[in-house]
Amino acid sequence: MLSIKNLHASVEGKQILNGLSLEIKAGEVHAIMGPNGSGKSTLSQVLAGNEAFEVTEGEVLMDGTNLLDKATEVRAQEGLFLAFQYPVEIPGVSNMQFLHTSVNALRKHRGEPELNAAEFIKLARETSKQVDLDPSFLKRGVNEGFSGGEKKRNEIMQALLLQPRLAILDETDSGLDIDALKVVSDGVNALRSADRAILMITHYQRLLNYIVPDFVHVLSEGKIIKSGGRELALELEERGYGWLGIKDDAETAS
Amino acid sequence: MTNTEQQVSELIKREYEHGFVTDIEADSFEPGLNEDVIRRLSAIKNEPEFMLEWRLKAYRRWLTMEEPNWAHLNYPKIDFNAISYYSAPKRPEDMPQSLDEVDPELLRTYERLGIPLHEHAKLAGVAVDAVFDSVSVVTTFKEPLEKAGVIFCPISEAVQKYPELVQKYLGSVVPMGDNYFAALNSAVFSDGSFVYIPKGVRCPMELSTYFRINAANTGQFERTLIIAEDDSYVSYLEGCTAPMRDENQLHAAVVELVILDNAEIKYSTVQNWYPGDEHGKGGIYNFVTKRAACIGKNSKVSWTQVETGSAITWKYPSSVLRGEGSIGEFYSVALTHNYQQADTGTKMIHLGKNTTSTIISKGISAGRSSNTYRGLVKIGPGAEGARNFTECDSLLIGDQCAAHTFPYIEGSAKTAILEHEATTSKVSDEQMFLCRQRGIDPEQAVSMIVNGFCKSVFQELPMEFAVEAGKLLEVSLEGAVG
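Protein chains in written order, with our numbering: chain A, 9 to 262; chain B, 1296 to 1777.
Derived by calculation from the structure, the hints in this document are not laboratory data. Some clues are possibly wrong.
Stated by the list, open to error - Listed next, the in silico EDC-like pairs over lysine to aspartate or glutamate satisfying Cα-Cα at most 20 angstroms (straight line):
1. B/K1592 with B/E1459
2. A/K78 with B/E1738
3. A/K159 with B/E1725
4. B/K1494 with B/D1556
5. A/K78 with B/D1525
6. A/K159 with B/D1724
7. A/K116 with B/E1452
8. B/K1442 with B/E1452
9. A/K147 with B/E1755
10. B/K1352 with B/D1525
11. B/K1561 with B/D1572
12. B/K1592 with B/E1619
13. B/K1750 with A/E97
14. A/K116 with B/D1736
15. A/K78 with B/E1619
16. A/K78 with B/E1755
17. B/K1721 with A/E122
18. B/K1721 with A/E65
19. A/K147 with A/E97
20. A/K78 with A/E59
21. B/K1494 with B/D1473
22. B/K1750 with A/E152
23. B/K1721 with A/E246
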């Protein structure tokens, strides 16, 4: 479904990705691990089409077509979803309005009839229950006054609502207590399906106890230096990134 | 330029949709201003003697005054002798008595503007007075309003039919010598709306006036006077549009509101004059004086304005809170793009005891525009227990525009409580990226973000017009993102 070949990318003139290659098939769950500054978040931003990042070399195909040529919103309409690490606030715009617009933009792209307000509210209420968000959050501003945990649950709620082909989860576990982590993981596990791929980006292996990946990749200095199965993450937890000769600034990996 | 700025500048490039010119036969004065022009104008309007005298007095006063230059505005000196002071569609001597007598070309014009003058059209329940250049062409729903005792007619008609009311109140809120543009308007005002709500009457429908400048080289100088007697209520809305022309055109209006005991006027404006093109060529110069006198006890005025048009906007709807317990409110959205300049805000003059005022101002600047909020809160010595809350928020789109805030506070009774909040924010690349990552196209995203920013003001508009205002912002921002 997703084929990344020799991807190089920079931001503000600073080279971050240095020849990253990765193949992801439908139905698979991949985890990308790595220390801070290794390029994990850059990868997610580049795939989603953040124009602050510049692709200097390489190619990315999604379902056989060139992903990098497409506008951000077109990538989203074609099924690429990014759960943000730090979702930004949009004051005065309700979650309801934002998500309704989003759902209909995707439906329109697929040639499906748009949902009216009543149909959308019903769908949104059901979905918000899946991640334990009180449906009253729909009336609040987008990410306005949300706690860190609520923001993350909101991101997963949106993934469930939009049913993407490829879901990229950027540090979805950071800042979550154990109960919230469980709720978020249940949401992600509910997303798993034979025709959908999930790419998780995480610093810590803790998340992988709840969402068990098929493949684990270790990223260092903008390149994948080691790939393996679930056991690779466990080994990293035990031996730290230093085991692979990588310097990790965050010593508190748990 | 960052991504958002590029998108915004492209969105802004869209054309002004009301820019057409109606080809209609008109009687117009030659450009120029002198006492003879004023006499001719007064004669055409068949005005009583007092009106002509008043105009001439105002004109002589105007001659002694200087054009103000304190506003944060930059424009070439206006040549007042290059402007025609009267233009009216040719038609029979008498005013049209029904819609059937109105030139169909005019009706089509208003249809294109989305303003139905047919009484069964979609804005049912809103009475409309349509002012085309210097004259009112039609006023709808006159009969049901008359039954309720409400007078809603062109001010030129009021001068004839209700001279005692006009003589009593005209200039009572905005004196003829109040300021340069008010003096000019007092001398040459051509038409506008007159509203009288008798004691104890709640006006049965929304009243609305649409102003359209059509003729070239013509100024529009309308005058609006609304009187709300004790215990009455009216909600009034004005809308304005003009054709696209390369020359600047002058619009200098005066609005006076008189509000007596326990009465309330809700005055809403959707101002969409032609703003000029993307190089700053053309557009309306909008110099307007609007003031409400809350004379009565517990009287209330609520100004709501959505300003998206005009090359230059100079406008400070004000409230003089004289009556004990009277209330003034000002809710404003002012959007500028390209080379538009707006210097707008309000004055809240607290004179009576326990008077309260609220100011919510939302300024949105895009392109190379300049958007200034200028507000005065004045507490008179007798205004014990006065309260004011002011909130000024600015939203910048791109980094070539400017936002300024000039809040002034004068005098202060010891018991007065004043609060002020101000914020400046930007439509950020992060917000745009979030929206686009969710499949929302950039135009829709900017419009959604801007509408969110303006929400607390839109909530104050009558429902039909809140929708209209939202759409207007969308249109005004089209081309701001691509």
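Status of the hints after comparison with the structure:
1. B/K1592 with B/E1459: Roughly 24 angstroms between the alpha carbons, so the hint for B/K1592 and B/E1459 is violated.
2. A/K78 with B/E1738: Holds, because 17 angstroms separates the two Cα atoms, which is no more than 20 angstroms.
3. A/K159 with B/E1725: Given pair A/K159, B/E1725 holds - Cα atoms ~15 angstroms apart, limit 20 angstroms.
4. B/K1494 with B/D1556: holds, 9 angstroms
5. A/K78 with B/D1525: The given pair, whose Cα atoms are some 64 angstroms apart, is violated under the 20 angstroms limit.
6. A/K159 with B/D1724: holds, 19 angstroms
7. A/K116 with B/E1452: Between A/K116 and B/E1452 the Cα gap is close to 53 angstroms, so the pair fails against 20 angstroms, i.e. violated.
8. B/K1442 with B/E1452: Given pair B/K1442, B/E1452 holds - Cα atoms ~18 angstroms apart, limit 20 angstroms.
9. A/K147 with B/E1755: Holds. A/K147 to B/E1755 sits at ~19 angstroms (cutoff 20 angstroms).
10. B/K1352 with B/D1525: Violated - the C-alpha atoms of B/D1525 and B/K1352 are around 32 angstroms apart, more than 20 angstroms.
11. B/K1561 with B/D1572: With Cα atoms ~33 angstroms apart, B/K1561 and B/D1572 exceed 20 angstroms; violated.
12. B/K1592 with B/E1619: Measuring from Cα to Cα gives roughly 5 angstroms; hence the hint holds.
13. B/K1750 with A/E97: holds, 15 angstroms
14. A/K116 with B/D1736: Within the cut-off at roughly 12 angstroms; holds.
15. A/K78 with B/E1619: violated, 63 angstroms
16. A/K78 with B/E1755: Violated: A/K78 and B/E1755 sit about 41 angstroms apart, past 20 angstroms.
17. B/K1721 with A/E122: Roughly 31 angstroms between the alpha carbons, so the hint for B/K1721 and A/E122 is violated.
18. B/K1721 with A/E65: violated, 32 angstroms
19. A/K147 with A/E97: Holds - the C-alpha atoms of A/E97 and A/K147 are around 14 angstroms apart, at most 20 angstroms.
20. A/K78 with A/E59: holds, 11 angstroms
21. B/K1494 with B/D1473: Violated: B/K1494 and B/D1473 sit about 29 angstroms apart, past 20 angstroms.
22. B/K1750 with A/E152: holds, 15 angstroms
23. B/K1721 with A/E246: violated, 45 angstroms
Violated hints, listed in ascending order, are 1, 5, 7, 10, 11, 15, 16, 17, 18, 21, 23; each of the other numbered hints is respected by the structure.
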